[in-house]
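Number of protein chains: 2
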Amino acid sequence: MSTFRSWFAIPRGSHFSLANIPFGIISTAKSETPRVAVAIGDHALDLEAFAANNGFNALSTIQPHQSVFSEPTLNAFAALGRPLHAVVRKYIQSVFAEDTPYPDVLKNNSALQKDVLLPLKDVKTHLPMRIGDYTDFFAGMTHAFNAGCLFRDPKNALQPNYKHLPVGYHGRASSVVVSGTPIRRPNGQILLDPKAETKVPIYSSCKKLDIELELGAFVCKSNKQGEPLPIGEAEDSLFGVVLMNDWSARDIQAWEYVPLGPFNAKNFGTTISPWVVLADALAPFKVKGLENDTEILPYLQQKDEKNVYDIQLKVDLKSISGNASTITQTSGRHLLWSFPQMMAHHTITGCPLQVGDLIGSGTISGPTSAEYGSLLEQTQNGKSSITIAGGEERRFLEDGDEVTITGVCGSDEDALVGFGQCVGRIEPALKFAFAL
Amino acid sequence: MSTFRSWFAIPRGSHFSLANIPFGIISTAKSETPRVAVAIGDHALDLEAFAANNGFNALSTIQPHQSVFSEPTLNAFAALGRPLHAVVRKYIQSVFAEDTPYPDVLKNNSALQKDVLLPLKDVKTHLPMRIGDYTDFFAGMTHAFNAGCLFRDPKNALQPNYKHLPVGYHGRASSVVVSGTPIRRPNGQILLDPKAETKVPIYSSCKKLDIELELGAFVCKSNKQGEPLPIGEAEDSLFGVVLMNDWSARDIQAWEYVPLGPFNAKNFGTTISPWVVLADALAPFKVKGLENDTEILPYLQQKDEKNVYDIQLKVDLKSISGNASTITQTSGRHLLWSFPQMMAHHTITGCPLQVGDLIGSGTISGPTSAEYGSLLEQTQNGKSSITIAGGEERRFLEDGDEVTITGVCGSDEDALVGFGQCVGRIEPALKFAFAL
Numbered sequence: 001m002s003t004f005r006s007w008f009a010i011p012r013g014s015h016f017s018l019a020n021i022p023f024g025i026i027s028t029a030k031s032e033t034p035r036v037a038v039a040i041g042d043h044a045l046d047l048e049a050f051a052a053n054n055g056f057n058a059l060s061t062i063q064p065h066q067s068v069f070s071e072p073t074l075n076a077f078a079a080l081g082r083p084l085h086a087v088v089r090k091y092i093q094s095v096f097a098e099d100t101p102y103p104d105v106l107k108n109n110s111a112l113q114k115d116v117l118l119p120l121k122d123v124k125t126h127l128p129m130r131i132g133d134y135t136d137f138f139a140g141m142t143h144a145f146n147a148g149c150l151f152r153d154p155k156n157a158l159q160p161n162y163k164h165l166p167v168g169y170h171g172r173a174s175s176v177v178v179s180g181t182p183i184r185r186p187n188g189q190i191l192l193d194p195k196a197e198t199k200v201p202i203y204s205s206c207k208k209l210d211i212e213l214e215l216g217a218f219v220c221k222s223n224k225q226g227e228p229l230p231i232g233e234a235e236d237s238l239f240g241v242v243l244m245n246d247w248s249a250r251d252i253q254a255w256e257y258v259p260l261g262p263f264n265a266k267n268f269g270t271t272i273s274p275w276v277v278l279a280d281a282l283a284p285f286k287v288k289g290l291e292n293d294t295e296i297l298p299y300l301q302q303k304d305e306k307n308v309y310d311i312q313l314k315v316d317l318k319s320i321s322g323n324a325s326t327i328t329q330t331s332g333r334h335l336l337w338s339f340p341q342m343m344a345h346h347t348i349t350g351c352p353l354q355v356g357d358l359i360g361s362g363t364i365s366g367p368t369s370a371e372y373g374s375l376l377e378q379t380q381n382g383k384s385s386i387t388i389a390g391g392e393e394r395r396f397l398e399d400g401d402e403v404t405i406t407g408v409c410g411s412d413e414d415a416l417v418g419f420g421q422c423v424g425r426i427e428p429a430l431k432f433a434f435a436l
Numbered sequence: 001m002s003t004f005r006s007w008f009a010i011p012r013g014s015h016f017s018l019a020n021i022p023f024g025i026i027s028t029a030k031s032e033t034p035r036v037a038v039a040i041g042d043h044a045l046d047l048e049a050f051a052a053n054n055g056f057n058a059l060s061t062i063q064p065h066q067s068v069f070s071e072p073t074l075n076a077f078a079a080l081g082r083p084l085h086a087v088v089r090k091y092i093q094s095v096f097a098e099d100t101p102y103p104d105v106l107k108n109n110s111a112l113q114k115d116v117l118l119p120l121k122d123v124k125t126h127l128p129m130r131i132g133d134y135t136d137f138f139a140g141m142t143h144a145f146n147a148g149c150l151f152r153d154p155k156n157a158l159q160p161n162y163k164h165l166p167v168g169y170h171g172r173a174s175s176v177v178v179s180g181t182p183i184r185r186p187n188g189q190i191l192l193d194p195k196a197e198t199k200v201p202i203y204s205s206c207k208k209l210d211i212e213l214e215l216g217a218f219v220c221k222s223n224k225q226g227e228p229l230p231i232g233e234a235e236d237s238l239f240g241v242v243l244m245n246d247w248s249a250r251d252i253q254a255w256e257y258v259p260l261g262p263f264n265a266k267n268f269g270t271t272i273s274p275w276v277v278l279a280d281a282l283a284p285f286k287v288k289g290l291e292n293d294t295e296i297l298p299y300l301q302q303k304d305e306k307n308v309y310d311i312q313l314k315v316d317l318k319s320i321s322g323n324a325s326t327i328t329q330t331s332g333r334h335l336l337w338s339f340p341q342m343m344a345h346h347t348i349t350g351c352p353l354q355v356g357d358l359i360g361s362g363t364i365s366g367p368t369s370a371e372y373g374s375l376l377e378q379t380q381n382g383k384s385s386i387t388i389a390g391g392e393e394r395r396f397l398e399d400g401d402e403v404t405i406t407g408v409c410g411s412d413e414d415a416l417v418g419f420g421q422c423v424g425r426i427e428p429a430l431k432f433a434f435a436l
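Protein chains in written order, with UniProt numbering: chain U, 1 to 436; chain L, 1 to 436.
It is possible that part of the hints are untrue.
Pairs involving identical chains hold if they fit within one copy or between any two copies, as the list cannot separate such chains.
[What the hints assert, rightly or not] Straight-line Cα separation of at most 27 Å, DSSO-like style, residue types lysine-lysine; simulated pairs:
#1 Lys195 to Lys155
#2 Lys195 to Lys286
#3 Lys163 to Lys431
#4 Lys121 to Lys195
#5 Lys107 to Lys199
#6 Lys318 to Lys306
#7 Lys303 to Lys431
Keep in mind the hints are simulated off the structure, nothing from the lab.
Sequences and hints are given; from them, build the entire structure.
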């Protein structure tokens with residue numbers, strides 16, 4: 001029997017069991033001001049209202065900080081640091097426990113339950129953090145290898161630096177959106193015939209619109225400029241994790257990316273799931289990542305071999321006709337580098353990470369094609385197609401396609417630690433008139 | 001005789017003539033809260049104090065917005081839009097004009113002069129904007145060509161995309177600092193022998209620390225995600241310009257940059273000058289940039305051929321022994337792409353620019369080696385050296401070196417439009433112990 005039994009009705013199989021307690025930003029029709037909540041079963045616990053109604057009275061350590069729950073982002077809560085996140089999470093777990101030591105707080109107070117426990121279906125979720133900088137890594141080694149084979153050859157698929165450092169690049173923070181936000185197919189420059197002697201691009205809507213299945217980590221502790229974050233302390237800066245779809249325009253990317261890397265191909269939208277699963281909630285699901293056969297420098301060596309998460313990841317694609325299929329099933333374990341390693345490398349030069357920064361894992365692909373985290377890999381850059389329900393074929397995304405990423409840890413149906421969904425639907429490209 | 005004569009003593013040759021009126025953020029020993037000011041001659045006009053003392057009473061359009069002058073960044077002022085920037089700038093010019101129509105505001109009010117006109121030497125300047133995203137372009141074609149020759153060969157120095165689109169990449173916003181902030185030499189991974197069969201990097205302080213002479217533009221108008229900024233409207237989003245030194249670790253860069261572009265090599269510090277010169281102040285100095293012999297797509301075509309600025313740029317290097325030399329003299333005209341073209345390209349996919357975003361031009365190099373904007377180019381990646389005063393030689397920067405960029409437009413010594421200085425001094429690398 002699960003140790004996470006609750007007096008409150010949490011459906012079996014819910015991503016938001018008592019073992020989880022993920023944090024997010026919500027608003028409702030009745031109260032449109034965004035504020036902090038946690039997800040529990042099919043409900044959101046409105047922490048602003050809970051705090052205002054003495055919900056945290058038993059928790060003296062959090063009382064001076066209760067205003068963080070009225071903020072429109074999680075940044076202030078994140079900045080309190082992991083020890084306080086743990087205190088709040090454990091307290092909420094104990095308030096909801098079947099044998100709660102605080103029965104009068106909520107269990108025996110049905111009036112307050114009505115006020116602070118809001119059905120998720122009635123709640124609007126918002127971008128959980130005010131993101132300063134967004135950095136995207138490339139730690140999914142199978143993806144890096146597959147992409148390298150497509151653009152170079154199997155012998156040179158991985159660059160010489162790949163196993164020595166977590167390759168990454170700075171992404172675009174302003175276009176990160178919360179799950180449910182439509183994604184417009186981008187326009188840009190593409191080269192129709194890459195083999196032509198004279199290379200002349202055309203202006204076009206993207207014809208190779210793709211997904212990238214990733215995990216995103218949020219930073220909860222800043223380091224000073226000039227002062228690297230030692231890898232032994234990097235875990236303290238890890239607030240929590242979300243699912244991420246780093247939408248990619250492959251044809252725009254192929255033309256633009258030399259010599260400074262992807263730019264327009266990635267700057268039109270990145271979707272993240274709304275509930276930040278705290279690092280503490282994920283800790284029981286740590287596993288060893290991909291084997292690195294290269295000796296890495298000491299600043300990247302982690303004491304604990306278990307440094308990535310066994311999150312069961314799934315990508316579903318639903319066409320405009322309603323045909324839906326799972327196109328990818330894989331795990332968060334298929335990473336060569338962990339988030340603490342990425343943070344240690346990011347800051348080794350003295351680069352300051354700040355509370356609210358978002359760090360992407362890079363596309364996660366497992367070893368077989370049913371586990372590939374992008375259509376680029378599944379269709380060999382459009383050379384073949386995949387078939388979804390109704391016999392529909394896809395090389396890349398079509399207008400109206402809805403892509404849903406889900407992720408969940410654990411097998412005990414009463415104690416799952418899940419992320420809910422990360423959804424985006426493709427809208428047709430804008431017919432853009434050039435006003436000269 | 002200049003049309004910009006003032007009753008106030010503005011030294012001849014000042015960068016901050018009445019023709020300029022650049023905006024910045026200041027604090028003083030007496031009043032440590034950062035606030036908005038403009039630079040005039042050797043003084044800063046404290047706009048918070050000026051507004052509080054009825055300085056803007058004659059200006060009904062600005063009165064509802066006066067709180068922007070009490071902000072710790074220029075973002076709120078920038079967001080008012082270019083028409084209001086013009087109103088404020090012209091009004092300040094008229095208040096300081098010899099034949100001012102508002103003599104009682106300041107000219108005949110010596111008590112207020114003492115309160116609001118602060119000697120620049122007593123003023124601390126701060127980062128002028130709260131930067132959301134920072135994007136660095138690569139529009140200095142001579143630099144791009146020189147770098148391409150060093151890393152490839154003259155025939156393939158410029159990639160096929162170079163003349164079709166402004167190549168750029170996302171930079172690191174959190175490490176942008178204001179002039180005067182010391183820059184610590186970064187540590188990182190470098191490959192001592194790039195030609196070795198087996199490529200094994202070492203952990204080391206950067207041995208090839210370099211400058212990049214750039215201009216930075218700030219954005220004052222947001223576009224909605226999914227809605228590109230037409231090039232004909234892009235100029236409206238250009239708040240103003242600063243000098244920029246995009247410090248670069250060439251050895252870290254050479255090892256890390258494939259395939260996703262520079263990352264650690266650029267994320268440890270970017271210095272900008274403190275005073276934002278408004279786009280209106282620069283408008284008289286527009287010139288035609290570098291000739292593009294390629295036909296560009298309509299979304300990048302600007303009506304006006306004069307789209308870059310003839311800013312006389314200079315880089316001085318002073319060693320720890322005090323030996324100082326000018327190492328670069330060039331002009332802002334040596335760009336293939338203008339800021340409006342960069343913004344139109346940046347947003348063609350629908351990427352949202354936001355007020356406060358910083359856009360770098362890329363390194364500006366003129367045609368001769370005395371005009372190269374980086375040591376990489378001047379020393380052929382360290383193959384040769386340059387000699388500065390005292391016979392000191394430099395391949396790259398040494399600890400204690402102080403680099404000063406200056407920039408100024410015009411030749412009328414009473415009506416210069418200048419940027420002041422963009423200064424940074426190199427501190428020794430941190431001896432970083434690996435706490436495992």
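* Quick one: Lys303 to Lys431, C-alpha cut-off 27 Å, is that within a copy, between copies, both, or neither? -> between (54 Å within a copy, 21 Å between copies)
* When no copy is specified for Lys163 and Lys431, does a C-alpha distance of 27 Å or less occur within a copy, between copies, both, or neither? -> between (43 Å within a copy, 25 Å between copies)
* Asked: Between the shortest in-copy and the shortest cross-copy C-alpha distance, which are at most 27 Å for Lys195 and Lys155: within, between, both, or neither?
  -> both (22 Å within a copy, 18 Å between copies)
* 27 Å Cα cut-off: does Lys107 pair with Lys199 within a copy, between copies, both or neither? -> neither (69 Å within a copy, 62 Å between copies)
* Asked: When no copy is named, should Lys318 and Lys306 be tagged within, between, both, or neither for a Cα gap of at most 27 Å?
  -> neither (35 Å within a copy, 49 Å between copies)
* Intra- versus inter-subunit Cα pairing at 27 Å for Lys121 with Lys195 -> neither (51 Å within a copy, 60 Å between copies)
* Between the shortest in-copy and the shortest cross-copy C-alpha distance, which are at most 27 Å for Lys195 and Lys286: within, between, both, or neither? -> So Lys195 and Lys286 fail the 27 Å test inside a copy (45 Å) and across (39 Å) alike.
The structure does not agree with the numbered hints 2, 4, 5 and 6 stated previously, though it agrees with the rest.
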